[in-house]
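Visitor: Each chain, written out:
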Amino acid sequence: MQSVITSTFVGVFFPHSIEFDRNNDKGYFLLYEPYKA
Amino acid sequence: MIKDISYFTNLIRRRLNESCLWDKLIQIESINSSCFQEAHKRFLYSNYSVKVIANVNLVQEMICGYDSEWDISRTSERKDPLILFATGVMKQQPTVRAFLGRVVEEKFHMQALALTIIPGISLVPERLKDLVHPQVAPLQLNEGVKEGYFYVNLSMNQEFSNGPEFYENTTNREELGKIKFIY
Chain A
294 MQSVITSTFV GVFFPHSIEF DRNNDKGYFL LYEPYKA
Chain B
98 MIKDISYFTN LIRRRLNESC LWDKLIQIES INSSCFQEAH KRFLYSNYSV
148 KVIANVNLVQ EMICGYDSEW DISRTSERKD PLILFATGVM KQQPTVRAFL
198 GRVVEEKFHM QALALTIIPG ISLVPERLKD LVHPQVAPLQ LNEGVKEGYF
248 YVNLSMNQEF SNGPEFYENT TNREELGKIK FIY
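Protein sequence lines, in the order shown, are assigned to chains A and B. Residue numbers for the first sequence follow the numbering used here, so the first one is 294 and each next one is one higher. Residue numbers for the second sequence follow the numbering used here, so the first one is 98 and each next one is one higher.
Next up, chain A with everything else stripped away, as it sits in the complex (with noise of 0.2 angstroms):
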């Protein structure tokens, strides 16, 4: 299921963990889940 307007998430988020496609001027990365209390 795609989303038809855009949302926004908010994650967890590790620099170190950008991976980049310099062929396709992509990066790829994952948010995570905020914890839960």
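Each hint should be verified, as a subset may be incorrect.
Said to hold, decoys possible - Here are the simulated DSS-like pairs of lysine-lysine, each with C-alpha atoms no more than 25 angstroms apart in a straight line:
{"hint": "1", "chain 1": "B", "residue 1": "Lys188", "chain 2": "A", "residue 2": "Lys319"}
{"hint": "2", "chain 1": "B", "residue 1": "Lys148", "chain 2": "B", "residue 2": "Lys188"}
{"hint": "3", "chain 1": "A", "residue 1": "Lys319", "chain 2": "B", "residue 2": "Lys204"}
{"hint": "4", "chain 1": "B", "residue 1": "Lys188", "chain 2": "B", "residue 2": "Lys204"}
{"hint": "5", "chain 1": "B", "residue 1": "Lys148", "chain 2": "A", "residue 2": "Lys319"}
{"hint": "6", "chain 1": "B", "residue 1": "Lys204", "chain 2": "B", "residue 2": "Lys148"}
Calculated from the structure, these hints are not laboratory results. Given the structure is predicted, the values throughout are model-derived calculations rather than measurements.
Based on the hints, put chain B in the right spot on chain A.
Guide: Chain B only, in chain A's frame:
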């Protein structure tokens, strides 16, 4: 039902505190794992993620927006978790129900249109205060900005070679020895 703006700001703030807690648990864990078993167990239950696919230019903007001296080629230098607002079109991925291990599941893929990093303030809930290891505790435990949280300043590079900060006061010991306490 119409909710006023403060409801939403509180909601966002709570979200942020949660994510900060998550980051703090990892850091504390690396210092002392044994007394944080409970917290560790809870941390492991956080098990889904969103995969963000973004243009390199967008990532560069995001990094420069957070720290102008930081560059895309030096992303591996920083290991601290940050909090990121990612806006874009999300696409749900099929759920793999056999996935019950420690592997983080990708529930959504997002084509990002806007990325913003905000700094993370490390807050830990009050109820975990008793679990803080004495080696960690003297670092700095402050009352949090928000009620019910306290703040651990791990950036203070303090060593424990010089003992505790609170020494026993021995100056009045002799006088105190003479006083008879009547109960």
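Visitor: Each hint should be assessed against the structure and marked as holding or not.
Guide: Status of each hint after checking the structure:
1. B:Lys188 to A:Lys319: Answer holds: B:Lys188 to A:Lys319 is near 17 angstroms, not above 25 angstroms.
2. B:Lys148 to B:Lys188: Holds, at roughly 10 angstroms.
3. A:Lys319 to B:Lys204: With Cα atoms ~20 angstroms apart, A:Lys319 and B:Lys204 stay inside 25 angstroms; holds.
4. B:Lys188 to B:Lys204: 8 angstroms, holds
5. B:Lys148 to A:Lys319: 13 angstroms, holds
6. B:Lys204 to B:Lys148: With a Cα-Cα distance of about 8 angstroms, the restraint between B:Lys204 and B:Lys148 holds, given a limit of 25 angstroms.
Comparing the model with each earlier hint shows no violations; every hint is respected.
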